[in-house]
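Chains as they are written, first to last, in this note's numbering: chain D, 7 to 430; chain P, 7 to 430.
If you're looking for bench data, these hints aren't it; they were derived computationally from the structure.
Keep in mind that the hints are not guaranteed to be accurate.
Since copy identity is lost for identical chains, a pair holds within one copy or between any two.
Said to hold, decoys possible - Restricting the straight-line Cα-Cα distance to at most 20 angstroms, the calculated cross-link-like pairs of lysine to aspartate or glutamate (EDC-like) are:
#	residue 1	residue 2
1	Lys-410	Glu-394
2	Lys-152	Asp-8
3	Lys-410	Asp-421
4	Lys-366	Asp-429
5	Lys-242	Asp-322
6	Lys-189	Glu-279
7	Lys-242	Glu-48
8	Lys-189	Glu-392
9	Lys-410	Asp-343
10	Lys-245	Asp-322
Protein chains: 2
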Amino acid sequence: MDRDAILGAVAKLREDGVSLLSDLVRSPSLLGEEGPAQDLMERIFRDMGLEVDRFAIDEEALKAQPGWSPSLISYEGRENVVGVHKPRRATGKSLILNGHIDVVPTGPEELWSAPPFEPVVRDGRLYGRGAGDMKAGIAAYVMAFKALQSLGVQPAAPVYLQSVVEEECTGNGALACVARGYKADAAVIPEPFNHTLQIAQVGVIRCELEVTGRPAHVLDTGAGLNAIEAAFRVLKHLKALESAWNHPDGRHPAYAHHHHPYNLNVGHVEGGEWASSVPTRCRMELRFGFPPGRAAAEVSAEIERAVAEACHGDSDLKGIDARVIFRGFQAEGCTLDPDHPMLEALDAAHRSIFGTPAPKLAQTCTTDVRNFVLYGDTPATCYGPEAERIHGIDESVSLDSVAKVTAVLALFMADWCGLETIDP
Amino acid sequence: MDRDAILGAVAKLREDGVSLLSDLVRSPSLLGEEGPAQDLMERIFRDMGLEVDRFAIDEEALKAQPGWSPSLISYEGRENVVGVHKPRRATGKSLILNGHIDVVPTGPEELWSAPPFEPVVRDGRLYGRGAGDMKAGIAAYVMAFKALQSLGVQPAAPVYLQSVVEEECTGNGALACVARGYKADAAVIPEPFNHTLQIAQVGVIRCELEVTGRPAHVLDTGAGLNAIEAAFRVLKHLKALESAWNHPDGRHPAYAHHHHPYNLNVGHVEGGEWASSVPTRCRMELRFGFPPGRAAAEVSAEIERAVAEACHGDSDLKGIDARVIFRGFQAEGCTLDPDHPMLEALDAAHRSIFGTPAPKLAQTCTTDVRNFVLYGDTPATCYGPEAERIHGIDESVSLDSVAKVTAVLALFMADWCGLETIDP
Chain D
7 MDRDAILGAV
17 AKLREDGVSL
27 LSDLVRSPSL
37 LGEEGPAQDL
47 MERIFRDMGL
57 EVDRFAIDEE
67 ALKAQPGWSP
77 SLISYEGREN
87 VVGVHKPRRA
97 TGKSLILNGH
107 IDVVPTGPEE
117 LWSAPPFEPV
127 VRDGRLYGRG
137 AGDMKAGIAA
147 YVMAFKALQS
157 LGVQPAAPVY
167 LQSVVEEECT
177 GNGALACVAR
187 GYKADAAVIP
197 EPFNHTLQIA
207 QVGVIRCELE
217 VTGRPAHVLD
227 TGAGLNAIEA
237 AFRVLKHLKA
247 LESAWNHPDG
257 RHPAYAHHHH
267 PYNLNVGHVE
277 GGEWASSVPT
287 RCRMELRFGF
297 PPGRAAAEVS
307 AEIERAVAEA
317 CHGDSDLKGI
327 DARVIFRGFQ
337 AEGCTLDPDH
347 PMLEALDAAH
357 RSIFGTPAPK
367 LAQTCTTDVR
377 NFVLYGDTPA
387 TCYGPEAERI
397 HGIDESVSLD
407 SVAKVTAVLA
417 LFMADWCGLE
427 TIDP
Chain P
7 MDRDAILGAV
17 AKLREDGVSL
27 LSDLVRSPSL
37 LGEEGPAQDL
47 MERIFRDMGL
57 EVDRFAIDEE
67 ALKAQPGWSP
77 SLISYEGREN
87 VVGVHKPRRA
97 TGKSLILNGH
107 IDVVPTGPEE
117 LWSAPPFEPV
127 VRDGRLYGRG
137 AGDMKAGIAA
147 YVMAFKALQS
157 LGVQPAAPVY
167 LQSVVEEECT
177 GNGALACVAR
187 GYKADAAVIP
197 EPFNHTLQIA
207 QVGVIRCELE
217 VTGRPAHVLD
227 TGAGLNAIEA
237 AFRVLKHLKA
247 LESAWNHPDG
257 RHPAYAHHHH
267 PYNLNVGHVE
277 GGEWASSVPT
287 RCRMELRFGF
297 PPGRAAAEVS
307 AEIERAVAEA
317 CHGDSDLKGI
327 DARVIFRGFQ
337 AEGCTLDPDH
347 PMLEALDAAH
357 RSIFGTPAPK
367 LAQTCTTDVR
377 NFVLYGDTPA
387 TCYGPEAERI
397 HGIDESVSLD
407 SVAKVTAVLA
417 LFMADWCGLE
427 TIDP
């Protein structure tokens, strides 16, 4: 199939793609509420003529699997949906196209220019929670596949279009796909990383820090130990870990030139009861980024040790009790050989649209890529559109960029999988 | 009436007092839930043969009153209860005995040795939320009055036994008594201040600090402004105010020898949404103690100015937005002449029980005393039992101490008001 025909088909479907993306953004697939968006994905896959494998996540079975992260909530009513393409005759290389349907919380809605789940197009960008991260990527792989179909052709190899839950907090959705036996010669996740090819990602651990102080009346705050202030003091000690990991001497080579790859974030805090009591309890939700190559269990132990040492060694923390509870990501970092044939093929497709090579990216967050690379025997990367303020207020994605990613994915699929006519 | 007769009557009623105190502790009169405990107070006053004045707090009318603090919640169903004693012939000095029925939150109940609203007596102490602060004080003034009655006598002057709401957050309950016209030659509040005579109390302002940062993905925390960390940074600037007020050179004379009279407490914090987003918002509840003699409005303005200066002058706070919302106490400090006749009379009663003078106390919290002194033309002090961990876990009061305070109040009442026989 001729390159221009594919690009022409992608261009023709551009408005359909915007409308699909809008429909997806309109479905507020927050953690625990992914069901309706997955219903939509199932309809989309069925309309494309794909077989649909919709399956629940078997928490008990998955716990035995390496890569498991402690769940935050139940999996009741929160299935993965996979659109399965089987070629008439498999002559090319198989492919997984994966995207996560879950989106992060909106933050205070009144800070948004428009309601976060009512998509708005302005100056060539589509705004809404999940628009960039990563419903645009899902729309792109769907439209790429549809563009080929509109030309009367389809991939000449198995292709699995996966819409998974829980990428944002555990990755157990993608891990469940791996456990179900999905593997392929390559996996691409169109995360909104601005047309870069991901060759490394950091490890991420999420935990809660719970600090118990000593309550007292405010008439003599010195008689008590303020749990809120103590929690911040413990955080300071944990920031010392962050600094040590980021020291240029000890960096993983993929991050040698990055200014600050391993980030510790305090994302939520809740403590105390009442202005006039010295607070007894404070709880913080923390997120640690750490170098690839380190085992999650080893890093968790290092965090626990740092907290214990702070409690014993810091005189300002005498008498407090601090414990760490690990929930959510226990995600190890991973890397991919920068010369992998999949990267070369994706780069070729990218160059044919952009005229320049795709930058290689060592990513400072985690993605579901690790599940395929570390536990699924499937080389994987991220390649997706340009987005702004993902996880923030007024998240948006460039619609031009989504169209370009769609074209790259269509060209890559044609090249990697080969093509066959739909009707023999 | 002979001193020993009064002490004998008080001793005889000791177990009744413990049982009354237990009943009061069993009624969990948290903010907004004072109704059932006030029903109990009304029954107690009626059983004593007092007239009962139970009245709602007229928020709109009170707002015009000096001393008003912005309410936290509605006054629906939260009346004050006053037991009014009218003598047959008023020959002595009138008296207000005041106590607040509201108690502060329990904190995590699992940290308590026994459930906070199930009173337990152990080693001569009664444990429970409110046991010390200040249901023991209410029980003491009730039993003091009953002890006199049991001898066939009553005060020969008007005595008002007040059970008020909301001492712990606004003081609007006692202020409403003042506005209703209650005044007397003296007021005593048996706050659990360990047999001391209060001669000064600090001002207290409560407010919320709301900080808005700049949200971002944790993959580059440096791109965002963490609202939680920013709120702590602002707090640091406010602690500079606390330090300045506590500087020995600028202290109010009543606090000249106190090690740290003016306390800033962060009593509650809540911020962020999710471990993996740089948080947008953080809110802290703060309590400032400040010197007597300063107007609440002037101190509020100083706090607001400090926050504004922090936002403009601290490079770590560039781009954040911080505002202060004043809710709860806008309570000015106050003092009482240490040689006031009421203090002399109370001290005489104290000496007759303890053999030594009652220490004079410059208190580092606020009490309803200010409402009587500043706005009610009534000299007022606190004199109450020995309690431990008020506002904390396992609050308790010494039952011996409660019995002694009961005796002191009975002797003081007999002296200050004079006595007359109940039946002529």
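Next item on the list: Sort out which numbered hints this structure fails and list those numbers smallest first.
Entry: Of the numbered hints given earlier, those the structure breaks are 4, 6, 7, 8 and 9, listed in rising order.
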